Amino acid sequence: MIEINGKPYTGQEQIKSDLLTLNMGPQHPATHGVLRVEIKTDSEIIAQATPYLGYLHRCFEKHVENIDYRGVIPFVDRMDYLASMSMELGYCLTVEKMLGTEIPKRAQYLRTIIAELQRIASHLMFFGTYAIDLGAFSPFLYAFQDREDILRLFEELSGARLLYNYIWLGGVWNDINDDQLRRIEAFCDKMEENLKKYHALVGENKIFISRTANVGVIPVDMAYQYGATGPVLRGSGVNWDLRKTRPYGMYEELDFDVIVGEGLKGQVGDTWDRYYVRMMEMHESIKILRQCLDGIEEGSIMGKVPKVLKVPEGEIYMRTECPRGELGYHLISDGGKTPYRLKVKSSCFTHTSMLPEMAPGMMIADFVAAIGSIDIVLGEVDR
Amino acid sequence: MHKEFADFINSKVSGANATVVEAEVGDSTVFVEASSILATCEALKDSDFEMNVLQCVTGTDYSDRIEVSYILASFTKNSELILKVKLPKTSSDATVKVDSVCSVWKSANFLERETYDMLGVEFVGHPDHRRILCPEDWEGYPLRKDYKVQEVYNDMVVDPPAKINNGDINFFKEIMDKMGDEKKVAYSWKKEDAGSSDTAQ
Numbered sequence: 000m001i002e003i004n005g006k007p008y009t010g011q012e013q014i015k016s017d018l019l020t021l022n023m024g025p026q027h028p029a030t031h032g033v034l035r036v037e038i039k040t041d042s043e044i045i046a047q048a049t050p051y052l053g054y055l056h057r058c059f060e061k062h063v064e065n066i067d068y069r070g071v072i073p074f075v076d077r078m079d080y081l082a083s084m085s086m087e088l089g090y091c092l093t094v095e096k097m098l099g100t101e102i103p104k105r106a107q108y109l110r111t112i113i114a115e116l117q118r119i120a121s122h123l124m125f126f127g128t129y130a131i132d133l134g135a136f137s138p139f140l141y142a143f144q145d146r147e148d149i150l151r152l153f154e155e156l157s158g159a160r161l162l163y164n165y166i167w168l169g170g171v172w173n174d175i176n177d178d179q180l181r182r183i184e185a186f187c188d189k190m191e192e193n194l195k196k197y198h199a200l201v202g203e204n205k206i207f208i209s210r211t212a213n214v215g216v217i218p219v220d221m222a223y224q225y226g227a228t229g230p231v232l233r234g235s236g237v238n239w240d241l242r243k244t245r246p247y248g249m250y251e252e253l254d255f256d257v258i259v260g261e262g263l264k265g266q267v268g269d270t271w272d273r274y275y276v277r278m279m280e281m282h283e284s285i286k287i288l289r290q291c292l293d294g295i296e297e298g299s300i301m302g303k304v305p306k307v308l309k310v311p312e313g314e315i316y317m318r319t320e321c322p323r324g325e326l327g328y329h330l331i332s333d334g335g336k337t338p339y340r341l342k343v344k345s346s347c348f349t350h351t352s353m354l355p356e357m358a359p360g361m362m363i364a365d366f367v368a369a370i371g372s373i374d375i376v377l378g379e380v381d382r
Numbered sequence: 000m001h002k003e004f005a006d007f008i009n010s011k012v013s014g015a016n017a018t019v020v021e022a023e024v025g026d027s028t029v030f031v032e033a034s035s036i037l038a039t040c041e042a043l044k045d046s047d048f049e050m051n052v053l054q055c056v057t058g059t060d061y062s063d064r065i066e067v068s069y070i071l072a073s074f075t076k077n078s079e080l081i082l083k084v085k086l087p088k089t090s091s092d093a094t095v096k097v098d099s100v101c102s103v104w105k106s107a108n109f110l111e112r113e114t115y116d117m118l119g120v121e122f123v124g125h126p127d128h129r130r131i132l133c134p135e136d137w138e139g140y141p142l143r144k145d146y147k148v149q150e151v152y153n154d155m156v157v158d159p160p161a162k163i164n165n166g167d168i169n170f171f172k173e174i175m176d177k178m179g180d181e182k183k184v185a186y187s188w189k190k191e192d193a194g195s196s197d198t199a200q
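From first to last, the protein sequence lines are chains A and B.
Just so we're aligned: 63 in numbering that gives the first Met the number 0 is position 64 of the first sequence, and the numbers increase by one with no gaps anywhere.
Just so we're aligned: 61 in numbering that gives the first Met the number 0 is position 62 of the second sequence, and the numbers increase by one with no gaps anywhere.
What the hints contain is simulated information worked out from the structure, not anything from laboratory work.
Careful: at least some of the hints might be erroneous.
[As the list claims (entries may be wrong)] With the C-beta cut set under 10 Å, the calculated list includes, among others, these residues of chain B facing chain A: (1) G25; (2) E79; (3) I81; (4) A93; (5) N108; (6) D116; (7) G124; (8) D127; (9) H128; (10) I131; (11) C133; (12) E138; (13) Y146; (14) Q149; (15) E150; (16) V151.
From a predicted model like this one, the values you see are computed outputs, not experimental measurements.
From the three backbone atoms N, C-alpha and C, an ideal C-beta is built for every residue, glycine too.
Bound conformation, chain A alone (with noise of 0.2 Å):
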C-alpha cells in the first residue's frame, strides 16, 4: 500500500493535477483474455479502476433454454475452458440431483479422479501464468510439461484435449483401463517432487516475494461482502471448503486437509497467500487421487437414465468447488424436456467485481499481481 504523508492512499487525494486514464486491454496479457479494465492512474498509482466485461458474451443462458439436457453438456465446457470437467460435474451433478439418479460407485470415483486431475491442471495453469505476469518465464514451461500429462490422459479418455464432453448424466462416457490407473499413479508420485522443486522456485524465490507479499490484500470482512469462494476465500483465512462443508459425490468418504492462507510472508490474504493456496491445493489433490485409485472398483459407469429426459418441476441451486471457486447451477424446470432457466453463478464474475476495490493506492505492476491472483477465466466472467 502506497503511503502519502504516513496516511494510506485512497484515491481522493492527488498528487498530480490531472488523471491520466489508461487503457488495460481487452488484449493485455495480464489479464488472461479479453477483459478491459479502464485506469485513472494519478502519476504512478491507481487511484480508481473499472472492469468492462463482456467480450466474451455468448448469452449460453438463452442457448440451452431451446436444447435438451444432454444437450447442454457441451455448452457448459465452454465457460471455464480451462477446467471443463469441473464445469460438466457441477452440471450433472444437478440434473441428477433433480432426477434422483443412483450413479455406480465406479463412475463416482472416476468423476473423483477426473476433477482432481482437472484441479491440478487448472492450478499448474495458474502457476505457470502467473509467474510470467511478474516476470519469470521458465516456471510456464515446467508447468506446461505437467500438465500435457494430464492432458494427454484426458485426451485418451474423451477424445479432446481441452472441450471434453466426457462426464454425462448418469456417469462417464468411457472407461478407463488399468494402464492408464498405473499411469495416474506414477504421475502423481512425480507431480509430488515436482511440486516440491516448483515451490521453492518460485514461491520462496527472493524477487517473488517481495513482487507478491503485502500487495493485494484481500481480509476477510472484504471477502464476505463480496461473495468471495474458493482459493481467494481460502486465502484471507477461512477454512472453507464444500469438498468438506457440504460434500458431493465420494468426497465425504476421502481424507484431505482444508489449506488456508496464514500470511507466510505479510498479511493475512495478500496475493502469495493465494498463490500458496492452489500450490499447496494440489498437494491435497494427490492425496487424493492416491485414495481414488485404491478405491476403484469394478462396475458398470453409467447409471439408469431415462432415453427421454424429462426433469420433473420444480428448482434447485447446486454448489460445487471448482478450482476457480464456487461454481454454482440454479436450475429451473417446468417439467419438459429443456430446462426453462438456468442461471449459472460463476465465482470468476464476483471475483471480478471486487478489482474496484482492490486497485486503488496500487502501483500499475501491482495491479497485474493482483487480477492474475484472483485468476479469472473470461469465459467464465461472460459466459
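Knowing the structure of chain A, use the given hints to seat chain B on it.
Only chain B this time, still in chain A's reference frame:
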C-alpha cells in the same frame, strides 16, 4: 428449516408477508413482498442466521411476471436460502422495479447489473446502474422469453443471412419434406424388407 426463515422474516419485517413454497424435488423457496426485500435482507444478515454472503441474484421471466431470486448463504452456519420476489410485468419492453440490496452486500453490485442487463429489472438505489455484458446502447433484454434480436445495431446488420450456414438446415428440411413423418426416417428400410406389413419390427 424454511418455516423458521419465514417466521423470522414475518416477525421482524412488517408487511413482508413471507410464504414458503415447499418443493418435493429440489429446493424450497421463500417468497416475500417486493417492497420489503431490502429490509428482509438487512434483517437476515444481522440475525442469528448470519447470512453473510450473497451468492447470486438472478431472475426468471414468466409471461405475466418476473421473479427475482436472491440466493443467500451463511459461511459460518453453513446454510442456504433462496429468497424470491414477484414483479408484475406491464409490457415486453418496460423495465420492472425493485430496491437494490447493494448497501447490504457489495457483491450485489455486479450481480444486479447482470440481472438488469439480461432481464430488464431496474434496481432502485444502485450506485452504478449500467449494462454489464451487452453494449451500453443495446436494445431489449435477452433472457426475456419474448425477446427479439434487434435487426440493426450501429449500422451493422445483426445475424445477416449471408453469415448463417443454411446448408445443414436446408438438408434436413429437404429430408423431412421427402419423408413426411419424422419417425419414418429411421428404420424405414426395415419395413420394406418385411413386405410393408405394419406388425414387423
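Per-residue hint verdict: G25 (chain B), partner chain A, C-beta under 10 Å = Holds: closest Cβ of chain A sits about 4 Å from G25 (chain B), inside 10 Å.
request  = Report holds or violated for the interface hint on N108 (chain B), using the least CB-CB distance to chain A and a cut-off of 10 Å.
outcome  = Nearest chain A Cβ about 6 Å off; hint holds.
query = Going by Cβ atoms only, is C133 (chain B) closer than 10 Å to chain A?
reply = Holds, about 6 Å.
query = At a threshold of 10 Å, is the proposed contact between Y146 (chain B) and chain A supported by beta-carbon distances?
reply = holds, 8 Å
message = Please check whether G124 (chain B) passes as an interface residue: C-beta within 10 Å of a C-beta belonging to chain A.
response = Violated. Min distance 17 Å.
query = Does the interface hint hold: is H128 (chain B) within less than 10 Å of chain A, judged Cβ to Cβ?
reply = The hint is violated - H128 (chain B) has no Cβ within 10 Å of chain A, the shortest such distance being about 14 Å.
inquiry  = Can you verify the interface hint for E150 (chain B): is its Cβ closer than 10 Å to any Cβ in chain A?
reply    = violated, 17 Å
message = Min Cβ distance, E79 (chain B) to chain A: is it shorter than 10 Å?
response = Hint on E79 (chain B): holds, closest Cβ of chain A at ~7 Å, below 10 Å.
request  = Double-check Q149 (chain B) for me: the hint is only fine if its C-beta lies closer than 10 Å to a C-beta in chain A.
outcome  = The hint is violated - Q149 (chain B) has no Cβ within 10 Å of chain A, the shortest such distance being about 14 Å.
query = With 10 Å as the cut and Cβ atoms as the points, is D127 (chain B) at the interface with chain A?
reply = holds, 9 Å
query = Does the nearest C-beta of chain A fall within a distance shorter than 10 Å of the C-beta of E138 (chain B)?
reply = violated, 15 Å
inquiry  = Just to be careful: measuring from the Cβ of I81 (chain B) to every Cβ in chain A, is the smallest value less than 10 Å?
reply    = holds, 6 Å
Violated hints, in rising order: 4, 7, 9, 12, 14, 15, 16; the structure is consistent with all others.
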